[in-house]
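Sequences and hints are given; from them, build the entire structure.
When we follow the working numbering, the leftmost residue of the sequence shown carries the number 3, and every step to the right adds one.
Treat the hints as calculated values from the structure; they're not laboratory data. Each hint should be verified, as a subset may be incorrect.
Said to hold, decoys possible - Straight-line distance between alpha carbons at most 20 Å, and here's what the computed PhoX-like set of lysine-lysine pairs gives:
1) K126 - K158
2) K540 - K441
3) K300 - K158
4) K120 - K55
5) K284 - K301
6) K441 - K468
7) K257 - K158
8) K30 - K587
9) K587 - K540
10) K587 - K539
11) K158 - K120
12) K300 - K284
13) K301 - K468
14) K441 - K305
15) K126 - K6
16) K30 - K284
17) K126 - K55
18) K481 - K537
19) K257 - K125
20) K300 - K30
21) K301 - K55
22) K602 - K587
Unchecked claim - Label pairs and their calculated CB-CB ranges:
23) T606 - E78: 40 to 50 Å
24) E232 - A304: 46 to 56 Å
25) G280 - D529: 55 to 65 Å
26) Q383 - S592: 21 to 31 Å
27) L293 - P525: 46 to 56 Å
Bear in mind that the values here come from a model prediction, so they are computed numbers and not experimental data. The beta-carbon is built from N, C-alpha and C at its ideal position, and this holds for glycine as well.
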Amino acid sequence: MNIKEKSIKELTVLCQEIREEILRVVSKNGGHLSSTLGATEIIVAMHYVFDSKNDPFIFDVSHQSYAHKLLTDRWEAFDTLRQFGGTCGYTKPTESEHDYFVAGHSSTSISLGVGAAKAIALKKEQESRVPVVMIGDGSMTAGMVYEALNELGDRKYPLVIILNDNEMSIAKPIGAVSRMLSSAMASPFYQKFKKHTENFVDNFGEGAHYIAKRMEESLKLITPGMLFEEMGINYIGPVDGHNLTQLIEIMQTAKKLKQPVIIHVQTVKGKGYDIAEGKEEKWHGVGPFDLSNGHSSKKASAKNATQIYTEALLHLAKHDEKIVGATAAMPSGTGLSELMELYPDRFWDVAIAEQHAVTSMAALAKEGFKPFCTIYSTFLQRGYDQVIHDTCLMDLPVVFALDRAGIVGEDGETHQGVFDISFLRAVPNMTLFAPRDEKSFHQALGFAAEYQHPCSLRYPRGSFIKTDLPESSPFELAKSQLLRSNESDILFIGYGNGLGRAYETAQHLDVDVNILDLRFVKPLDADMLRELSTKHKKWFVFSDSSKMGGVGSAILEFLASEKILDIEVESFEYEDEFITHGNTKLVEESLGLLPQQLAKRVSTLS
3 MNIKEKSIKE
13 LTVLCQEIRE
23 EILRVVSKNG
33 GHLSSTLGAT
43 EIIVAMHYVF
53 DSKNDPFIFD
63 VSHQSYAHKL
73 LTDRWEAFDT
83 LRQFGGTCGY
93 TKPTESEHDY
103 FVAGHSSTSI
113 SLGVGAAKAI
123 ALKKEQESRV
133 PVVMIGDGSM
143 TAGMVYEALN
153 ELGDRKYPLV
163 IILNDNEMSI
173 AKPIGAVSRM
183 LSSAMASPFY
193 QKFKKHTENF
203 VDNFGEGAHY
213 IAKRMEESLK
223 LITPGMLFEE
233 MGINYIGPVD
243 GHNLTQLIEI
253 MQTAKKLKQP
263 VIIHVQTVKG
273 KGYDIAEGKE
283 EKWHGVGPFD
293 LSNGHSSKKA
303 SAKNATQIYT
313 EALLHLAKHD
323 EKIVGATAAM
333 PSGTGLSELM
343 ELYPDRFWDV
353 AIAEQHAVTS
363 MAALAKEGFK
373 PFCTIYSTFL
383 QRGYDQVIHD
393 TCLMDLPVVF
403 ALDRAGIVGE
413 DGETHQGVFD
423 ISFLRAVPNM
433 TLFAPRDEKS
443 FHQALGFAAE
453 YQHPCSLRYP
463 RGSFIKTDLP
473 ESSPFELAKS
483 QLLRSNESDI
493 LFIGYGNGLG
503 RAYETAQHLD
513 VDVNILDLRF
523 VKPLDADMLR
533 ELSTKHKKWF
543 VFSDSSKMGG
553 VGSAILEFLA
563 SEKILDIEVE
573 SFEYEDEFIT
583 HGNTKLVEES
593 LGLLPQQLAK
603 RVSTLS
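What follows is the structure, given as C-alpha cells:
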C-alpha cells in the first residue's frame, strides 16, 4: 500500500480503518491488542516518511507491528493472523521483504539498529538509508538496550529510535513548558540553529563551549531527555503519538539529522477501543473475545498448570517466610500476581530483565532464602549465563519454575518452550524434574522447597493431559514411578506432560504397554531403568521438548554408559527445527505427534 501521496485527512481515515481491521481479526483469532492499537499513527507516519524496503524497519518484540503488516501487502492475509499456515503475530522476514528481522523477545531492537547502521556505513549507503527502530517503554527496562545506546552514543551512527511510551514514562514531563521546549527542539530551525551554534563556539575557545553547554543543560533539566542527551544521543519529545502531522514532521527532521536520535512518543494503549484503553494488563495479549462487550469467547476449561503453581506456591509461602520469588515482567502470566499482592516484600516483578532476575535470586539463596525464579521456558534462554555462573557454579538452591514448556501455539517460533531440558541438562549441579498432573505438581514443589541445590521443573501452557493412572507418590530425588506393569515388551516413558501423551497413545493401541513416569531426567532413576531393561526391550520416550539433548538423549547416554545395548529407543520429542505458530493441535498434527499418529508409529516399530 503506497501512502506517501495521501493527505493527513486521508491518513487519519486510514488509521481508523487499520484499527477496525485489527479489532475485527484479533477479536476472532486472539493476539496482541492494546499496544498495537496505540502504535497505529506511529507506524503510519513511519511508512509515510521512510521506505520499509530500503530503510530497515526494526520492531522491538514486534507484537505491536500489526499496522505495519496491514500496510505491507498483507491486508487480505491478515485474516489468518496467528493461525496455522497463516500470518505470523510477529515480524518474520520469510513472510515479507518489509520485515527486516525476526523478533519475539524484547529489547533487541536497538542492538539490531546499531548493527544495521554499521553495515550501512561500511557499504557507504548513509545518504540513502537509515535504520528505524520502534521500541516500547517496557523494553527499556532491559540492560541490553543500554549496552546498545552506550555504543551508539559513542559512535554516532545515523539511527532513528522511536520510543513508544504507553505505560511507564521515562520521566514525567513538567507541564506546558516541557511541551513547548520539546516542540521547539524538534523543529528544523532549532536543529539548524544548534549546528550553527556549535560551529560558532568552536571559534571562541573553552569559555564559549562551557557557557553554551551550561545553557543547553539548563534547558534539558526540565525535559525528560537528559539521560539520552548525556549518552550522546539527540532527544526529541515527548510527542503526541496520535498527532499524525506532528509525528510526520518530527520523523522528517530526525531523518535529515544523520545522527542518532530518540523520538519520545506518548500513546494510549488500546487507542480506538474504549474497553481496552488504559493500562489493563489483560488487554496486552488476548484470546478471542466479543467485540461488543470485551468478554472472552473462550469456554471454561480445566484448571491450568499456572493456576496450580500459584496455589501450590502460595501454600508453601504461607508456611515458610524464607520462600521468595521473582518474575521478569510476567506476573499474571506466571501466576505470581497474587503472591506479589499478599507478600510484596518477598515476591517481585523485576521487569524485562531475566539476567537480573536469576542473579538476584542467587544472592537471596546465598543469604539463606529459598527463591523461586518463575520464568517462561523460552525466556530463561536470556538468563543462561546467570544460571551457570551465578547459580550452579556455587550450587545455590534456586528453583527455576518454567511455565509454557512445550508447544505454546499461536505465538510460534520465538515462544515455543522446547529447549530448556537440552540446555539445562548440560549444567553441573542442576537437577531437572517435572510434574504430570495437579497432585504431582504440589508434590514437586514441596520437594523443590526442601531441596538444597539448583533445580528446575517445567510445566505446560494450559492444562495437564488427564490420565486414568495411579495417583502420584511423593517426590524423591532420582526416583521414577512405574504406573503400569505387565509382560509386554513395550515400555512407554513419559516426562512431565509427556506422560499424559504416552497414556493417550496407549489408548489407541490394541496391545498392553508398560508406563513409567520418569519424573527426573537429571539424575535419572538408574536402578529402575536397569531393572526395566531386563524385562522390556522396546522403549518409547514422550516429552514436550527438543529431541537434541533431551530426555531420549539422556536415556540413551545412560544405556551406553551401562553397556546395555539390546534396548531399542525411539523418542517422540521435537525434531531439530523451529516450530511454527498456530493452534497447538494443528501444530502437533503437522509434527506427527497426535496420539493416534504416535500409536501408528508404535505399531510399525513394534
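Hints, verified against the model:
1. K126 - K158: Between K126 and K158 the Cα gap is close to 15 Å, so the pair holds against 20 Å.
2. K540 - K441: Answer violated: K540 to K441 is near 29 Å, above 20 Å.
3. K300 - K158: violated, 50 Å
4. K120 - K55: holds, 18 Å
5. K284 - K301: This hinted pair holds, its Cα atoms lying about 17 Å apart.
6. K441 - K468: holds, 12 Å
7. K257 - K158: With Cα atoms ~14 Å apart, K257 and K158 stay inside 20 Å; holds.
8. K30 - K587: holds, 18 Å
9. K587 - K540: violated, 27 Å
10. K587 - K539: Distance of about 31 Å is beyond 20 Å: violated.
11. K158 - K120: holds, 10 Å
12. K300 - K284: Distance of about 14 Å is within 20 Å: holds.
13. K301 - K468: holds, 18 Å
14. K441 - K305: Roughly 12 Å separates the two Cα atoms, so the pair holds.
15. K126 - K6: violated, 26 Å
16. K30 - K284: Holds - the C-alpha atoms of K284 and K30 are around 16 Å apart, at most 20 Å.
17. K126 - K55: holds, 18 Å
18. K481 - K537: holds, 19 Å
19. K257 - K125: Roughly 19 Å separates the two Cα atoms, so the pair holds.
20. K300 - K30: With a Cα-Cα distance of about 11 Å, the restraint between K300 and K30 holds, given a limit of 20 Å.
21. K301 - K55: violated, 42 Å
22. K602 - K587: Given that 20 Å is the threshold and the Cα spacing comes to 17 Å, the pair holds.
23. T606 - E78: 40 to 50 Å: Given a distance of about 42 Å, which is inside 40 to 50 Å, the answer is holds.
24. E232 - A304: 46 to 56 Å: holds, 53 Å
25. G280 - D529: 55 to 65 Å: Cβ of G280 to Cβ of D529: about 57 Å, so the range 55 to 65 Å holds.
26. Q383 - S592: 21 to 31 Å: At 24 Å between Cβs, range holds.
27. L293 - P525: 46 to 56 Å: holds, 52 Å
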